[in-house]
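Visitor: Got chain A sorted already, so can you dock chains B and C onto it with the hints?
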Amino acid sequence: MSDIRTRLRQSMLLAPTTLTLLVFMLLPMVLMAWMSVLAPDTYGGVRWKEWSLDAYVQFLYERDLDDSLTLNSDYLAIFGRSFLLAGFATVVTLLIGFPTALYIALKDEKTRQRLILLVSIPFWTNLLVRTYAWILLLRNGGLIDSALSVLGLSQGELDVLYTPTAVAIGFVYSFLPFMILPIYASLEKLDWRLVEAAFDLGANRWQALRRVILPLAMPGIAAGCLMVFIPAIGSYYIPELLGGGKSLMIGNLVQNQFGTARNWPFGAALSFMLLALVMVSLWIYTARFKRPPGE
Amino acid sequence: MPENRAAIEIDQVVKRFGDGEHAVVALDHVSLSIRENEFFTLLGPSGCGKTTLLRMIAGFEDVSDGDIRLYGDSLTGKLPFQRPVNTVFQSYALFPHLTVAENIAFGLEMRGVARNDIAPRVESMLELVKLTGFARRRPHQLSGGQQQRVALARALAPHPQVLLLDESLSALDLKLRKEMQVELKRLQRETGITFVFVTHDQEEALTMSDRIAVMASGKLQQVGRPEDIYDRPANRFVADFIGETSFLSGLIAGDQLLFGEAGSLPAAVLDSHREGLAAVAVRPERLQIAGNGQGIAGVVSEVVYRGVDTVYTVQLADGQPCRVRKTNSLGAARLAEVGQTVRLTAEPGAFHLLREAAHV
Amino acid sequence: MQASQKLWRFRGVSSTALFAFVYLYLPIVVLVALSFNANRIATLWTGFSLDWYLKVMDNENILRATRNSLIIACGATALSTVFATMAALAMSGRRFRGMAAINAMLGLPLLVPEIVTAVASLLFFLALGMELGLVTVLIAHTVFCIPFAYLPIRARLEGLDPRLAEAAADLYAGPFATFRRVTLPLILPGILSGAMLAFIVSLDDFVITFFVAGAGATTLPVYIFGLIRMGITPEVNAVSALLLLVSMAFVALSYWLGKRQS
Chain A
36 MSDIRTRLRQ SMLLAPTTLT LLVFMLLPMV LMAWMSVLAP DTYGGVRWKE
86 WSLDAYVQFL YERDLDDSLT LNSDYLAIFG RSFLLAGFAT VVTLLIGFPT
136 ALYIALKDEK TRQRLILLVS IPFWTNLLVR TYAWILLLRN GGLIDSALSV
186 LGLSQGELDV LYTPTAVAIG FVYSFLPFMI LPIYASLEKL DWRLVEAAFD
236 LGANRWQALR RVILPLAMPG IAAGCLMVFI PAIGSYYIPE LLGGGKSLMI
286 GNLVQNQFGT ARNWPFGAAL SFMLLALVMV SLWIYTARFK RPPGE
Chain B
41 MPENRAAIEI DQVVKRFGDG EHAVVALDHV SLSIRENEFF TLLGPSGCGK
91 TTLLRMIAGF EDVSDGDIRL YGDSLTGKLP FQRPVNTVFQ SYALFPHLTV
141 AENIAFGLEM RGVARNDIAP RVESMLELVK LTGFARRRPH QLSGGQQQRV
191 ALARALAPHP QVLLLDESLS ALDLKLRKEM QVELKRLQRE TGITFVFVTH
241 DQEEALTMSD RIAVMASGKL QQVGRPEDIY DRPANRFVAD FIGETSFLSG
291 LIAGDQLLFG EAGSLPAAVL DSHREGLAAV AVRPERLQIA GNGQGIAGVV
341 SEVVYRGVDT VYTVQLADGQ PCRVRKTNSL GAARLAEVGQ TVRLTAEPGA
391 FHLLREAAHV
Chain C
197 MQASQKLWRF RGVSSTALFA FVYLYLPIVV LVALSFNANR IATLWTGFSL
247 DWYLKVMDNE NILRATRNSL IIACGATALS TVFATMAALA MSGRRFRGMA
297 AINAMLGLPL LVPEIVTAVA SLLFFLALGM ELGLVTVLIA HTVFCIPFAY
347 LPIRARLEGL DPRLAEAAAD LYAGPFATFR RVTLPLILPG ILSGAMLAFI
397 VSLDDFVITF FVAGAGATTL PVYIFGLIRM GITPEVNAVS ALLLLVSMAF
447 VALSYWLGKR QS
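Residue numbers (this note's numbering), protein chains in the order written: chain A, 36 to 330; chain B, 41 to 400; chain C, 197 to 458.
Check each hint, because a few of them may be wrong.
One-sided and incomplete, this derived list gives chain C residues near chain B with beta-carbon spacing under 10 Å [to be verified]: (1) 225; (2) 256; (3) 359; (4) 361; (5) 362; (6) 364; (7) 367; (8) 370.
Cut-off 25 Å, straight-line C-alpha distance, at most; resulting in silico cross-link-like pairs (SDA-like, lysine to any residue) [unchecked claim]: (9) C:455 with B:187; (10) A:224 with C:351; (11) A:145 with C:446; (12) A:142 with A:158; (13) A:142 with C:449; (14) A:142 with C:222; (15) C:455 with B:137; (16) C:455 with A:147; (17) A:142 with C:221; (18) A:224 with C:222; (19) A:224 with C:210; (20) A:281 with C:425; (21) A:145 with B:179; (22) C:455 with A:281; (23) A:142 with C:217; (24) C:455 with A:144; (25) A:145 with C:221; (26) B:118 with C:322; (27) A:142 with C:212; (28) A:145 with C:212; (29) C:455 with A:149; (30) A:145 with B:137; (31) C:455 with A:45; (32) A:224 with C:451; (33) B:225 with B:137; (34) B:118 with B:179; (35) A:145 with C:290; (36) A:145 with B:46; (37) B:118 with A:147.
Please keep in mind that the hints were generated in silico from the structure rather than gathered at the bench.
Remember, it's a predicted structure, so these values are computed and weren't measured experimentally.
The C-beta atom is built at its ideal place from N, Cα and C for all residues, glycine as well.
If we strip away everything but chain A, and leave its shape as in the complex, we get (with noise of 0.2 Å):
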């Protein structure tokens, strides 16, 4: 077949995807980045024409009313809380996914199916739903209150609902099928021979693992923890729900620049930044692994 004729065929298939992705990805995206460095308008929206750097300067310093600036460390904050919830929660789904991943992957054929199914079906459900059944166990007078006070483990209040605790116990359970699926994948295409070879060789149980199974694992963990970090620390719902509606997280104190406080270049401003600490979390998974997560 003729090159021309081939290379037309596969632009024009390609033409709808890229466009659709070019136009409504890209592009608003580019937008969003140069709204950030306009002046914001009284009732939400920019002035297009008018040049600003207040929203980065506002994610830093507040202005006096004399114009003098003086150094606000609430949004650092937020941005330091949404880290340290996001990574703990990477941490802990980590302990739990994978050896939930080498569970599976040590089982028969069939088994691993099955389980595997088990752990995609809340991968793939609703997020807020679920999310909306932990209020369920964890209000005061709910489940877990409840069936402690019935084993005489607590007195009164549970008071967990509504604490940066609660968002963590949500963002583990969200999150730990976005572990174990990588991790699993990782490991199903582990050659268990190399196993076998370390404990001829040897090796115990935990160095088989430390030194040949962990290893080979890498770009599932790695994978996993990418994939549980970002959804996490640009999560919105969750810390919104389980949180109690506070400005705990990055993504309430993005919503709330379109809400109430109306101002479009600080929204797009916390975004950008937001999307430049994940493009860098990539950047760092590929020059490491040399390939995109989840392939």
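Guide: Only chains B and C this time, still in chain A's reference frame:
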């Protein structure tokens, strides 16, 4: 065998992959002609260009230079589905979503054969490859040998002018492969279709082919009947690749073939004559071990018993190794043991004089 | 046999796995159970009842939100699956310059935090002066559904023996016949599986929809979010359980389709 007219003519065909200075030449001015009703084999080690050539005949690779003609008509520019040739793929490439019958019917449907004619044709094809009753099965329900037969039936069903077989037996185990060799021969006889077979297995090529083309690194080495190729290899590569061969250097002087300290043989053991230093090739089964007296002298360095025969490696007195093979008869003792000094003789014409110069 | 099985027992692995599965399913089970609770004070079990489901069926707002959700999910699924199939076919063809860039772009909606995509889309639509509604939601959903539909189709194509298309061409099938008779039937499970995943992610999406929906295009998750913020009621339990079961059914189906014939 009567000389039939040419079915395929390959004329100065060149295949380059990549372009400019980085181009890799996969086929270098190959010319040969394949006759009608012939079982023709392209033989060579992997990477020699034989599969590329086959894929060019089928239309999956473009010809960089030269031309391929089918009954006189150039195939250049014709797409695979416009060529009246069919292929039996190495991995069979059976359509997994279709039944055996649907696989066989595929080519007929594409050619627009009337629906009513397809079913009997499929049935007769199944009969031809001895798979009657398997029509409703799916490819994955069949054994490797059965899949092979379906692939054959599918490719034969549209009555191609030429059938191309790409390493078609290599996936089968030894016993099944031997069976299929006989089977392929039978199919070729019964259908009268020209078969072009690609293999790296020299024994398979010798067993099945009317003629063989030996290829190496993109170049044609020799074309001929199995006997020609085996007895009169064109060069050292062909001699080495096909069968077992000992290569020796000697000096031809008058009626003697001299091997230094090992002594000499009469020049009549050579199949042709040329004075001076010469490279010669000899098949292990064409040499005899004599007790004493005549022949060239050497010491047995290894004896390998192989059931049907025994192979003796003899270190000639001038330092060259040479192998001798003797068919074992029931209860016969070994002709020599390791360390024993022996003499080797040969019948007239047993040594093939290579055209190349001898290296000392 | 005994000893060799014991060899692979790493300490703490099976208990952690058990914990993980209980952790994953306990909230779902509790939610579904409570949706059948007769009691209005949602967490105390007093008896089995289907009342709340009947109430849900009667609630005009829920029905409207459901209709919106289905319209958008069907539209986004159709568009993204067709686009993704075409793209996957092109990407499995001959290599070309820019392939890596297109691959990266296809991964973008999966990697960028939803809130960022949501904000960017919102600003884009507003800047264009588009009215927020079903159309904006449909566009946004199509964008993030494309990669979900693309991946299974691509995987299917990658697993396809290129010799099969060659065999078809060898047997006199032209490009179109080869696609219709060989390639399409073989990748169909991948296409269906991709379409189902696209349908689920569209049906389940909350964050992006929340930003770009506007008043007229409230979808079921957005509506549920509003209800939850107002307080826990058995109706929320029932409608949540319904949404959960629908997605579960689709995942299981998609999974089964993916496994078949592979």
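Visitor: Confirm or reject each hint.
Guide: Hints and how they fare:
Interface hint at residue 225 of chain C: violated, since its Cβ lies 39 Å from the closest Cβ of chain B, which is beyond the 10 Å cut-off. For residue 256 of chain C, the interface hint is violated, the least distance from its beta-carbon to any beta-carbon of chain B being 47 Å, above 10 Å. About 4 Å separates the beta-carbon of residue 359 of chain C from the nearest beta-carbon of chain B, less than 10 Å, and the hint is met. For residue 361 of chain C, the interface hint holds, the least distance from its beta-carbon to any beta-carbon of chain B being 9 Å, beneath 10 Å.
A hinted interface residue such as residue 362 of chain C counts as satisfied when its beta carbon comes closer than 10 Å to some beta carbon of chain B; here the least separation is about 6 Å, so the hint holds. A distance limit of 10 Å between C-beta atoms decides the matter here; for residue 364 of chain C the minimum to chain B is near 7 Å, and the interface restraint holds. Nearest Cβ of chain B to the Cβ of residue 367 of chain C: about 3 Å, under the 10 Å cut. The hint holds. Look at residue 370 of chain C: its Cβ gets to within about 6 Å of chain B, closer than 10 Å, so that hint holds up.
A C-alpha spacing of about 23 Å is found between residue 455 of chain C and residue 187 of chain B, which places the hinted pair at or below 25 Å, so the restraint holds. A threshold of 25 Å between alpha carbons decides the hint, and for residue 224 of chain A with residue 351 of chain C the separation of about 16 Å falls inside it, so the pair holds. Using a Cα cut-off of 25 Å, the hinted pair residue 145 of chain A and residue 446 of chain C holds, with the two alpha carbons roughly 21 Å apart. A C-alpha spacing of about 21 Å is found between residue 142 of chain A and residue 158 of chain A, which places the hinted pair at or below 25 Å, so the restraint holds.
Our distance criterion of 25 Å between C-alpha atoms is met by residue 142 of chain A and residue 449 of chain C, whose separation comes to about 23 Å. Restraint check for residue 142 of chain A and residue 222 of chain C: satisfied, since their Cα atoms lie roughly 23 Å apart, inside the 25 Å limit. With a C-alpha separation of about 15 Å, the suggested pair residue 455 of chain C and residue 137 of chain B falls inside the 25 Å cut-off, and the hint holds. Straight-line distance between C-alpha atoms of residue 455 of chain C and residue 147 of chain A comes to about 13 Å, which keeps the hinted pair within the 25 Å bound.
For the suggested pair residue 142 of chain A and residue 221 of chain C, the alpha carbons sit about 20 Å apart, so the restraint of at most 25 Å is met. For the hint pairing residue 224 of chain A with residue 222 of chain C, the CA-to-CA distance comes to about 30 Å; that exceeds 25 Å, so the pair is violated. Restraint check for residue 224 of chain A and residue 210 of chain C: satisfied, since their Cα atoms lie roughly 21 Å apart, inside the 25 Å limit. Distance restraint check for residue 281 of chain A and residue 425 of chain C: the Cα-Cα separation of roughly 13 Å lies within the 25 Å cut-off, and the hinted pair is therefore satisfied.
Of the pairs offered as hints, the one joining residue 145 of chain A and residue 179 of chain B holds, with about 24 Å between alpha carbons and a cut-off of 25 Å not exceeded. Simply put, residue 455 of chain C and residue 281 of chain A have alpha-carbon atoms about 45 Å apart, too far for the 25 Å limit, and the pair is violated. Taken as a hint, the residue 142 of chain A and residue 217 of chain C pair is honoured in the structure, with Cα atoms around 15 Å apart against an allowance of 25 Å. Among the hinted pairs, residue 455 of chain C with residue 144 of chain A is consistent with the structure: their alpha-carbon atoms are about 13 Å apart, no more than 25 Å.
At roughly 21 Å between alpha-carbon atoms, residue 145 of chain A and residue 221 of chain C fall within 25 Å of each other, so this suggested pair holds. As the CA atoms of residue 118 of chain B and residue 322 of chain C are separated by approximately 55 Å, the hinted pair breaks the 25 Å bound. Taking the CA atoms of residue 142 of chain A and residue 212 of chain C, the gap is about 15 Å. The hint holds against a cut of 25 Å. Restraint check: the Cα-Cα separation between residue 145 of chain A and residue 212 of chain C comes to about 21 Å, which is no more than 25 Å; the hinted pair holds.
Between residue 455 of chain C and residue 149 of chain A, the direct Cα distance comes to roughly 12 Å. Compliance with the 25 Å bound is thereby established for this hinted pair. Between residue 145 of chain A and residue 137 of chain B, the direct Cα distance comes to roughly 24 Å. Compliance with the 25 Å bound is thereby established for this hinted pair. Note on residue 455 of chain C and residue 45 of chain A: the hinted pairing is violated, with a Cα-Cα distance of about 29 Å set against a maximum of 25 Å. For the hint pairing residue 224 of chain A with residue 451 of chain C, the CA-to-CA distance comes to about 19 Å; that is within 25 Å, so the pair holds.
A threshold of 25 Å between alpha carbons decides the hint, and for residue 225 of chain B with residue 137 of chain B the separation of about 30 Å lies outside it, so the pair is violated. A hinted pair counts as satisfied when its Cα atoms are at most 25 Å apart, and residue 118 of chain B with residue 179 of chain B does not qualify at roughly 30 Å. Our distance criterion of 25 Å between C-alpha atoms is broken by residue 145 of chain A and residue 290 of chain C, whose separation comes to about 37 Å. About 57 Å separates the Cα atoms of residue 145 of chain A and residue 46 of chain B, which puts this hinted pair outside 25 Å; it is violated.
Taking the CA atoms of residue 118 of chain B and residue 147 of chain A, the gap is near 50 Å; set against the 25 Å cutoff, the hint is violated.
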